Amino acid sequence: MNERLRIGFIPLCDAAALMIAVDKGFCAQEKLDVELIREVSWSNVRDKLNIGIFDAAHLIAPIAIASSLGLGHVKVPIIAPVALGINGNAITVSPALYRALAAEAGDGIIDPLKTAQALARLVAERKRKGEAPFTFGMTFPYSTHNYHLRFWMAAGGIDPDEDVRLVVLPPPYMVDSLASKQVDGFCVGAPWNSVAVDQNVGHILHFMSDILASASEKVLALRQTWANENPDVVTRLIRAHHRAAQFADDLANRDEVCNILAAPNRIGIAAEVIRRTLDGKLKVAPDGTTRESTRYLQIGRNGAARPNPVHAAWLYAQMVRWRQAPLSAALLAQARAVFRPDLYDAVTGTSAQPATGEPADSVGAFAGPAFDEGDLAKYLAAWR
Amino acid sequence: MDPTLKIVIVDENPIRAAILEDGLQEAGFTQVVRIAEMTNLLSRIYALDPEVILIDLENPSRDVLEQMFQVSRVVKRPIAMFVDSSDSASIQASVDAGVSAYIVDGLKKERMKHILDLCISRFNAFSRIQGELEKTKTQLEERKVIDRAKGILMKAKNLTEEQAYALMRKTAMNENKKIAEIAQSIVMASDLLK
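Chains as they are written, first to last, in the working numbering: chain A, 1158 to 1541; chain B, -16 to 177.
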């Protein structure tokens, strides 16, 4: 008997494993009859998952944690037995801000510490002249994009709550907002940074992997109560996603994967643009300059699909740092428990062997002390 | 009802917004303002300073409103989502209807319940009207196809209009299909044989 499931997603490249699991038949192999439902907002995805309209969802990792901790909204415990992607975000700025940063940072324009310090000098100059602060777009209060932007800016001495404006923008509105100068830059996932460059309205300043070598982005989110009641379905979902993630990251399948993702009822954007993201070869400037990184969006390689609780701890630390959550051992434990590598390992036979070339603290931030989830108070004190 | 309660409707669909606005006006809420322009949404809302914000779930800008939960210097009044964990029936009904409500912290639940119920019924009414419109449109199209098929049969088999219709009906019954489907096949076959 086939199990019928409804799974919500937002049209972004990091939903690749989910789309491939469904459209390439990995779910069908597991006798899972999945209806993928494209959503327009993270609030909708969260609410429909929470109240059971969706059985599972493509969700930004910090929303899964916030929901489990009851931050900002109804408390509904969520688990993430599969990570849908590592990295994949980028910071894009307007041509005007790029020129100003380049004038300040010179050759350091590719160094996130230099650009953050350059931005701090521009911020100070604006303040002195009594001009409006810079405005940056991000996707949600509990989003990796919010935390990544803040992490970068704060390293240069900027107070993200006082010195600049951070505003939530739906990803499909980011490019227009940059073009109409409502924002000076944004942090968002693929393909929107590339779309901005293609439309000559933005420069990709940093890949997120320049800021953090390894950061959990989206997860496959399930309600804990539902997962407890349906262990067999969870097992089949994990297996289908594990296979789909390997398939999606295999170069031999790249054309097919890009075509599947490009479909109008999936991401609905040219396959060639999606390919740049999966290849990690991005056009970063309107003049055609490209940049390449093997660390850009990772779906199945380097153990990317296995949820890493240290990443959950890092995200919780950001919630504490930016005063969204109090610091407590109990909350940290709850946040870590959202990520379930135990479930993933039980199905796939994987284990916590660190891959070579991966950061020792699992995060690999460009600034500040190594991340230590064993002593968050000390780690956070280093930023004050 | 409390006419002083300021309500903002965020909806890009003018018909649905009008239906909801009418309902709220009839219920005695006189301070209802609609926002249809999504740029700088937060500052537009702050300028109006409402007690209640209603937004349709098709609107990507719902995520923008989530920022109002955050304590920050731009947020003048703390906002909460109306539904909490004790109101699972309410949240289910409102999500099904396609509407979400945000209220200022401290607003009495009972007062809000009335507004939300009204929203849900108006949103459902709108979906019904839209569904009926779709149905009428389909029926019109089906009627056109049936008329064309009738004409084809009358000409090809030298039948009267009644006989042509009776033949299609009989075939539909035998094949366990709708007359419109049989008619569609006739039209398609005739186009192919042209």
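Rather than coming from a laboratory, the hints here were simulated on the basis of the structure. All figures in this text were calculated on a predicted structure; none of them were measured in a lab. Hints are not guaranteed to be accurate.
Said to hold, decoys possible - Here are the computed lysine-lysine pairs in the BS3-like style, where the Cα-Cα straight-line distance is at most 25 angstroms:
1) B:K140 with B:K127
2) A:K1205 with B:K96
3) A:K1438 with A:K1271
4) A:K1232 with B:K140
5) A:K1271 with A:K1284
6) B:K118 with B:K138
Stated by the list, open to error - A few chain B residues that don't get close to chain A, going by computed Cβ distances all over 12 angstroms:
7) L48
8) L123
9) K160
10) E164
Stated by the list, open to error - One-sided excerpt, in silico: chain B residues whose CB lies under 7 angstroms from chain A:
11) P43
12) R45
13) V47
14) E49
15) Q50
16) F52
17) I74
18) Q75
19) V78
20) E115
21) L116
For glycine and all other residues, C-beta sits at the position ideal for the given N, C-alpha and C.
Checklist entry - Between K118 of chain B and K138 of chain B, is the straight-line Cα distance small enough, at 25 angstroms or below? => result Violated, at about 30 angstroms.
Item to check | Closest C-beta approach of Q75 of chain B to chain A relative to 7 angstroms, hint status | outcome: Given a least distance of 5 angstroms, the restraint on Q75 of chain B holds.
Checklist entry - Measuring from the C-beta of F52 of chain B to each C-beta in chain A, is the shortest one below 7 angstroms? => result 4 angstroms, holds
Next on the checklist: Min Cβ distance, Q50 of chain B to chain A: is it shorter than 7 angstroms?
Outcome noted: It holds, given that the least Cβ distance between Q50 of chain B and chain A is near 5 angstroms, below 7 angstroms.
Checklist entry - Can we confirm that no CB of chain A comes within 12 angstroms of the CB of L48 of chain B? => result 8 angstroms, violated
Checklist entry - Holds or violated: is the Cβ of I74 of chain B closer than 7 angstroms to a Cβ in chain A? => result 6 angstroms, holds
Checklist entry - Are the Cα atoms of K1205 of chain A and K96 of chain B separated by 25 angstroms or less? => result At roughly 20 angstroms apart (the allowed maximum being 25 angstroms), K96 of chain B and K1205 of chain A satisfy the hint.
Item to check | Restraint status (C-alpha distance of K1271 of chain A to K1284 of chain A at most 25 angstroms) | outcome: The hint holds at about 20 angstroms.
Next on the checklist: Is the interface hint satisfied for R45 of chain B? The criterion is a beta-carbon contact with chain A at less than 7 angstroms.
Outcome noted: Given a least distance of 4 angstroms, the restraint on R45 of chain B holds.
Item to check | Exclusion check [L123 of chain B not at the chain A interface, CB over 12 angstroms] | outcome: 27 angstroms, holds
Checklist entry - Would the stated hint for P43 of chain B survive a check requiring a Cβ distance to chain A of less than 7 angstroms? => result With a closest approach of 4 angstroms, the P43 of chain B hint holds.
Next on the checklist: So if I understand the rule, the pair passes when the alpha-carbon distance is 25 angstroms or less; does K1232 of chain A with K140 of chain B pass?
Outcome noted: Measuring from Cα to Cα gives roughly 69 angstroms; hence the hint is violated.
When the structure is compared with the earlier hints, violations turn up for hints 4, 6, 7, 20 and 21 and for no others.
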